[in-house]
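K.L.:
Protein sequences appear in the order of chains R and H.
Residue numbers are given in my numbering: position 53 of the first sequence equals residue 53, and the series is strictly consecutive.
For my numbering, add 1000 to where a residue sits in the second sequence, where the first one is 1.
Simulated from the structure, these hints should not be mistaken for lab results.
Because the structure is a prediction, the values reported are computed rather than measured.
A virtual CB, placed ideally from N, CA and C, is assigned to each residue, including glycine.
Don't take every hint at face value.
To be verified - Over 10 Å on every C-beta distance to chain H, these chain R residues come out as not near it, computed from the model:
1. G76
2. K177
3. V188
4. G198
5. R214
6. S225
To be verified - If you want the footprint, here are the derived chain R segments under chain H, 3+ residues with CB under 8 Å:
7. 52-64
8. 145-156
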Amino acid sequence: MLLALVVCALIATALAAQLATRYVRRRPLGRRNRRPGGASDRRYDPGRERRAERRARELLRSCVNDEEWTMYRDLGFIQVAGALRTTGSPEGDGAERLGVILDQRRPAGSAASADAESDGRGPDTGVAYAYLIYPHKPLVAYIPDSGRLLSEYCVEFPDIGAHHGSRLPASDDVLAKWMALTSDERRVVADANMHLVGHQLDPGRVRRDIWRLRQWQTRRLGNRSAPAG
Amino acid sequence: MKPGHGEILLAEGDTEVEADEARLVREFRRQLDDGMWAAVPTQRPGSGRREAQLVQDFGEIPPDAERVIFFPRASGG
């Protein structure tokens, strides 16, 4: 009897669905966009923006994996593994399969211009390719084992029905990309504008972020394997 | 819509209660009609990895889901 009651209670709790959405507005790009005493000044509230971002961070934290959250907290971006994993050569096979995912949308010349930098294997062995998710910046596809940069995928989540030019808070933007990528990667890359790496992001900056990520992962692995005490 | 608020709670209820479910379904459809995407944070069986599942119908929401998150549709930037 008691067991049945507990199960029912658990089910009832689990079935209590919450429907949530989020609203946002674009932060004014600069002083020149503001008119003193004008409508834009009345709309802009830095405290509200900060609160929105704080809430967005909490929501992000509650949805992603612990590793992804700490990665975002420490580094400012999240790495998400590509959906297709390979057991052969991660670099060659991964890049080839990514091309299949993209339905041959790869622009001419991208293979030649892809960054072929190789600076050693990182802790991501086994992941054929991955994405770096930055807030309000393109997704970057790359090969963790070699550090080779593949493409940028410019994707936005415009706030429907809100003020012109509004956009999600930074952490909401990351969460939207994370949800879209982990649920329907094919759709995301199909809808995105694909460019060669360097179109919007500085490849040097991305390479540095990949290096930072490797250092971070190595430290994290070290902390995990270190004996307690 | 209220800009600058991050996420807000649209509706909450127990899907086993008929009135609650009707209200949730109504709000769910309204959001999708407004062009939003709906996703449910889930956990992959076995590995325990968290990921999201896009849902296009209220019936697609996993029975153990605690929340549905609506977000604007992706578009090329």
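K.L.:
Look at each hint and say if it fits the structure.
P.N.:
Hints and how they fare:
no.	hint	verdict
1	G76	holds, 18 Å
2	K177	violated, 8 Å
3	V188	violated, 6 Å
4	G198	holds, 16 Å
5	R214	holds, 21 Å
6	S225	holds, 20 Å
7	52-64	holds (count 9)
8	145-156	holds (count 3)
In summary, the numbered hints that this structure violates are 2, 3.
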